[in-house]
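Each chain, written out:
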Amino acid sequence: MSWESAIEELRHREGLAHRMGEEVKVARHRDAGKLTVRERIDALLDDGSFHEVGAISGKAEYDKDGNLVDFRASNFIMGRGKIDGRTMVVAGDDFTVRGGAADASIHEKQVYAEQMANQFRLPIVRLIDGTGGGGSVKSLEIDGRTYVPANPGWDWVVENLSTVPVVGLALGSVAGLGAARAVTSHYSLMVKGISQMFVAGPPVVARVSGPITKEELGGSEIHTRNGAIDDEVESEAEAFERTARFLSYLPSSVHELPPRGPVTDDINRRDESLISAVPTNKRKVYKMRKIINSVVDQDSFFEIGRNNGKSAITGLARLDGWPVAILANDPYIYGGSWTADASHKVTRFVDLANTFHLPVVHLVDNPGFLIGLESEKAGTIRHGARTLAALYQADVPWCSVLIRKAFGVAGAGHMNHSKLFYRYAWPSADTGSLPIAGGLEAAYRAELEASDDPEALLAEIEERLTRVCSPFRTAEAFRVEEIIDPRDTRPLLCEFANLAAPLRKTGPASVPYRP
Amino acid sequence: MARKEVKSEVAGTVWLVETKTGASVQEDDTLIVLESMKMEIPVDAPCAGTVVEILVAKDDPVEEDQTVAIIETS
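Those sequence lines, one after another, are chains U and A. Anchor point for the first sequence: position 488 equals 487 in numbering that gives the first Met the number 0, and the numbering is continuous, going up by one each time. Anchor point for the second sequence: position 26 equals 25 in numbering that gives the first Met the number 0, and the numbering is continuous, going up by one each time.
Simulated from the structure, these hints should not be mistaken for lab results. There's no promise every hint is true.
Derived DEER-like restraints, expressed as beta-carbon distance ranges [said to hold, decoys possible]:
| id | chain 1 | residue 1 | chain 2 | residue 2 | range |
| --- | --- | --- | --- | --- | --- |
| 1 | A | T20 | U | V203 | 17 to 25 Å |
| 2 | U | I380 | A | E62 | 17 to 25 Å |
| 3 | A | T20 | U | W153 | 51 to 59 Å |
| 4 | A | K37 | U | I483 | 21 to 29 Å |
| 5 | A | A1 | U | D487 | 40 to 48 Å |
| 6 | U | V467 | A | E62 | 34 to 42 Å |
| 7 | U | R466 | A | K37 | 16 to 24 Å |
| 8 | U | E454 | A | E4 | 22 to 30 Å |
| 9 | U | S509 | A | S73 | 23 to 31 Å |
In the DSBU-like style, the derived pairs of lysine-lysine whose C-alpha atoms are separated by at most 35 Å in a straight line are [to be verified]:
| id | chain 1 | residue 1 | chain 2 | residue 2 |
| --- | --- | --- | --- | --- |
| 10 | A | K37 | U | K33 |
| 11 | U | K58 | A | K3 |
| 12 | U | K108 | A | K37 |
| 13 | U | K213 | U | K33 |
| 14 | A | K19 | U | K418 |
| 15 | A | K57 | U | K309 |
| 16 | U | K289 | A | K6 |
| 17 | U | K281 | A | K37 |
| 18 | U | K283 | A | K3 |
| 19 | U | K191 | U | K281 |
| 20 | A | K57 | U | K418 |
| 21 | A | K37 | U | K24 |
| 22 | U | K281 | A | K19 |
| 23 | U | K191 | U | K286 |
| 24 | U | K81 | U | K281 |
| 25 | A | K57 | U | K213 |
| 26 | A | K37 | A | K57 |
| 27 | U | K286 | A | K6 |
| 28 | A | K3 | U | K108 |
| 29 | U | K81 | U | K418 |
| 30 | A | K3 | U | K281 |
| 31 | A | K37 | U | K309 |
| 32 | U | K33 | U | K137 |
| 33 | U | K191 | U | K376 |
| 34 | A | K19 | U | K309 |
| 35 | U | K376 | A | K3 |
| 36 | U | K63 | A | K3 |
| 37 | U | K504 | U | K108 |
| 38 | A | K37 | U | K286 |
| 39 | U | K418 | A | K6 |
Positions of the beta carbon are idealized from the N, C-alpha and C atoms, including for glycine.
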């Protein structure tokens, strides 16, 4: 006698689970242009590396003699696998079984996946393609009662934000609890056309405000612009590629340091174009992303959240192979001013860097918080104040390069001024409490009103003040430590990354990450 | 042929209109320059094509996300 027959039954049950939902539902899912959950897992992970946990969980039916006659797999598939050789937890909804509804998932599996990530200190990737947590209102009749709602495993979901990298991929129509699982992450993605996200879907919304399509209500165009989701991609394959790339910059948990990548670029590379990257005419804008790509290791810049809070640019990159967080302003958008949206984006980004011990490089061209009625209505100062708090609470090495403007409270937020951090100024640096162009009329009102030729006087005062604003005068007083040749920026940033590497500290951040 | 709306990413005032109806443009060519936050902010062509409509004139106020021109792609 042996246990061979039990192993045969185990394999049989695994086979039943691999069928996923009914054939017609799997076909419909593929016809909608979507991969099945098992295809997704295979595409995301290194070949053959998936080790499923709870592979035979589901709902079985037996005949009167106790023989298994039917089986419906749980619609939540999870386990461990590798991405680029590093072990991760992967957890995916199976939309072909009950539309991915959590009431068919065996919710303990969701809790287990989150707990496994936390306690084994492994990053977790959620492949979300399901409806809300409670299922339909039909469950009222099935259960004969209602309940007080609770989000299963939310303690671990929240704890994971401060412990391990979490990626949320919205890969279908994602509502309620699924939507919350997508955004309670460090990085989230939607696939154009096949992903939609909402608190409640069109049938529920239609009862309140009329008919609306899924895409109109919660397409990627909406959620990557409001910042609920970080980025949108063209295909599921691209979503998996970006997931792997995002994770490559981060440690497996806060108890480790970000791994150094391959050293692919010369640390002494000097880009000649940088000497003319910033126009001498202060009213003219320039492409900040060109500067970023020029100074970091070639092709290493991974931008996050390009469609949201656009006056701020955030992303991960490498300097001499060391992963760093890059923060910058985009002068094309309100001159680079921090809006409410940009402030929120920067807060999350600084928290990300602080959580995972990434040194920050800040390329500064910040005229201040955005001014005007719309900005006031958006509560910009509250969001901006949170950004400043995040920045002062961060405990990672920091280097700021004053590319052009640093004005007012937001400009002062280019670094925590109380710490000895690295700071360089390009000759184009233009700093102070208020840009000359913005404050001239107010400051010299009396003189201008008394003048016979206010326009000529205005030009004369402006010329006078512009001379005083030279960064050389600021450096004379040691208010900026060094003015550098822009072409030396990469060598200096690589030096910073190498000096910062041994200063990085493992362990949980003093401020827990919030989504 | 497809009509592509050219939108402003910022609120501001039209400073210069640098194109004409019927002009053939390449991707990233500057069509309109806005003044916003005392800066000259270009609104560039998102794709190559022919400018079929210009919906703003000098000194017009422009809202964020407002369509300022239409390009017909070939």
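Hints and how they fare:
1. Between A/T20 and U/V203 the beta carbon distance is about 46 Å. The supplied range of 17 to 25 Å is therefore violated.
2. Under the hint 17 to 25 Å, the C-beta atoms of U/I380 and A/E62, about 22 Å apart, fit the expected range.
3. The beta-carbon spacing between A/T20 and U/W153, approximately 57 Å, falls within the hinted interval of 51 to 59 Å.
4. For the pair A/K37 and U/I483, the beta carbons lie near 26 Å from each other, so the given range of 21 to 29 Å is met.
5. The hinted range of 40 to 48 Å is satisfied by A/A1 and U/D487, whose Cβ atoms lie roughly 46 Å apart.
6. Look at U/V467 against A/E62: about 37 Å separates their beta carbons, and that is inside 34 to 42 Å.
7. Remark: the range hint 16 to 24 Å for U/R466 to A/K37 is upheld by a beta-carbon distance near 19 Å.
8. Checked against the given bound of 22 to 30 Å, the beta carbons of U/E454 and A/E4, roughly 39 Å apart, lie outside it.
9. Between U/S509 and A/S73 the beta carbons are some 58 Å apart, a value that contradicts the proposed interval 23 to 31 Å.
10. Distance check on the hinted pair: A/K37 and U/K33 sit about 47 Å apart at the alpha-carbon level, beyond 35 Å; violated.
11. For the hint pairing U/K58 with A/K3, the CA-to-CA distance comes to about 51 Å; that exceeds 35 Å, so the pair is violated.
12. Annotation: proposed proximity of U/K108 to A/K37 is violated, straight-line Cα distance about 56 Å (limit 35 Å).
13. Proposed proximity of U/K213 and U/K33 is supported: the alpha carbons are some 16 Å apart, at most 35 Å.
14. Between the alpha carbons of A/K19 and U/K418 the distance comes to roughly 53 Å, so the proposed pair goes past 35 Å and is violated.
15. For a cut-off of 35 Å, the pair hint linking A/K57 to U/K309 stands: about 25 Å separates their Cα positions.
16. A distance of roughly 23 Å separates the Cα atoms of U/K289 and A/K6; the hinted pair therefore holds under the 35 Å criterion.
17. Distance restraint check for U/K281 and A/K37: the Cα-Cα separation of roughly 9 Å lies within the 35 Å cut-off, and the hinted pair is therefore satisfied.
18. Simply put, U/K283 and A/K3 have alpha-carbon atoms about 26 Å apart, close enough for the 35 Å limit, and the pair holds.
19. Note on U/K191 and U/K281: the hinted pairing is violated, with a Cα-Cα distance of about 38 Å set against a maximum of 35 Å.
20. Taking the CA atoms of A/K57 and U/K418, the gap is about 48 Å. The hint is violated against a cut of 35 Å.
21. For the suggested pair A/K37 and U/K24, the alpha carbons sit about 57 Å apart, so the restraint of at most 35 Å is broken.
22. Simply put, U/K281 and A/K19 have alpha-carbon atoms about 27 Å apart, close enough for the 35 Å limit, and the pair holds.
23. Between U/K191 and U/K286, the direct Cα distance comes to roughly 26 Å. Compliance with the 35 Å bound is thereby established for this hinted pair.
24. A hinted pair counts as satisfied when its Cα atoms are at most 35 Å apart, and U/K81 with U/K281 does not qualify at roughly 50 Å.
25. Our distance criterion of 35 Å between C-alpha atoms is broken by A/K57 and U/K213, whose separation comes to about 39 Å.
26. Restraint check for A/K37 and A/K57: satisfied, since their Cα atoms lie roughly 16 Å apart, inside the 35 Å limit.
27. Distance restraint check for U/K286 and A/K6: the Cα-Cα separation of roughly 19 Å lies within the 35 Å cut-off, and the hinted pair is therefore satisfied.
28. Restraint check: the Cα-Cα separation between A/K3 and U/K108 comes to about 47 Å, which exceeds 35 Å; the hinted pair is violated.
29. Among the hinted pairs, U/K81 with U/K418 is inconsistent with the structure: their alpha-carbon atoms are about 39 Å apart, more than 35 Å.
30. About 32 Å separates the Cα atoms of A/K3 and U/K281, which keeps this hinted pair within 35 Å; it holds.
31. At roughly 18 Å between alpha-carbon atoms, A/K37 and U/K309 fall within 35 Å of each other, so this suggested pair holds.
32. With a C-alpha separation of about 27 Å, the suggested pairing of U/K33 with U/K137 holds against the 35 Å cut-off.
33. For the hint pairing U/K191 with U/K376, the CA-to-CA distance comes to about 31 Å; that is within 35 Å, so the pair holds.
34. With a C-alpha separation of about 28 Å, the suggested pairing of A/K19 with U/K309 holds against the 35 Å cut-off.
35. A C-alpha spacing of about 31 Å is found between U/K376 and A/K3, which places the hinted pair at or below 35 Å, so the restraint holds.
36. Using a Cα cut-off of 35 Å, the hinted pair U/K63 and A/K3 is violated, with the two alpha carbons roughly 66 Å apart.
37. A hinted pair counts as satisfied when its Cα atoms are at most 35 Å apart, and U/K504 with U/K108 qualifies at roughly 33 Å.
38. Of the pairs offered as hints, the one joining A/K37 and U/K286 holds, with about 17 Å between alpha carbons and a cut-off of 35 Å not exceeded.
39. Taking the CA atoms of U/K418 and A/K6, the gap is near 42 Å; set against the 35 Å cutoff, the hint is violated.
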